[in-house]
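**Student:** Sequences are here, hints too, so could you generate the full structure?
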Amino acid sequence: MLVSCVGDDIVSVILNLFHGRRIYVIDPEPDNIIGPEEAMDSIPQGSPLMPILFNIYTSSLKDQLTEEMDIIQYADDSAILCRGNNLREVSQKINNTLSNVEEWLNDHGLQVSVNKSK
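Here UniProt numbering is used: the first residue of the sequence shown is 1, the next is one more, and so on.
Check before you lean on any hint, since a few could be wrong.
Within a straight-line C-alpha distance of at most 35 angstroms, the following computed DSBU-like cross-link-like pairs (lysine-lysine) qualify [unchecked claim]:
1. Lys62 / Lys93
2. Lys116 / Lys62
3. Lys116 / Lys93
If you are wondering where the hints come from, they were derived from the structure by calculation, not from laboratory data.
**Tutor:** This is the structure we're talking about:
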């Protein structure tokens, strides 16, 4: 998926950035450094690259939406917007689309956080 969006060379650079990183933890009480420990194939928490990679990875999610819909993404949060003549119409369109969106998310190893969804 990522390769189709940005190409082999970019994916290779990204993977090399995060493969086999060594991390250290500072224990403030005895002023002790613990490590190194090897972090395998993961992006550090809070990395500025994470929102960009998430948006690339989820770029085809918009294909699940109808013409009256749009998606807004910020970091790893997404909001689906829908236009219609009245609330009932918008509600029907959104409900019809949500099953496609949920299937897409499952196929891509993602899930909706029910606690954060409204």
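**Student:** Does lysine 116 pair with lysine 62 here, judged by a C-alpha cut-off of 35 angstroms?
**Tutor:** Measuring from Cα to Cα gives roughly 20 angstroms; hence the hint holds.
**Student:** Measure nothing beyond the straight line between the CA atoms of lysine 116 and lysine 93; if it is 35 angstroms or shorter, mark the hint as holding.
**Tutor:** 21 angstroms, holds
**Student:** Taking only the CA atoms, is the gap from lysine 62 to lysine 93 under or equal to 35 angstroms?
**Tutor:** Holds, because 15 angstroms separates the two Cα atoms, which is no more than 35 angstroms.
No hint from the list above goes unmet by this structure.
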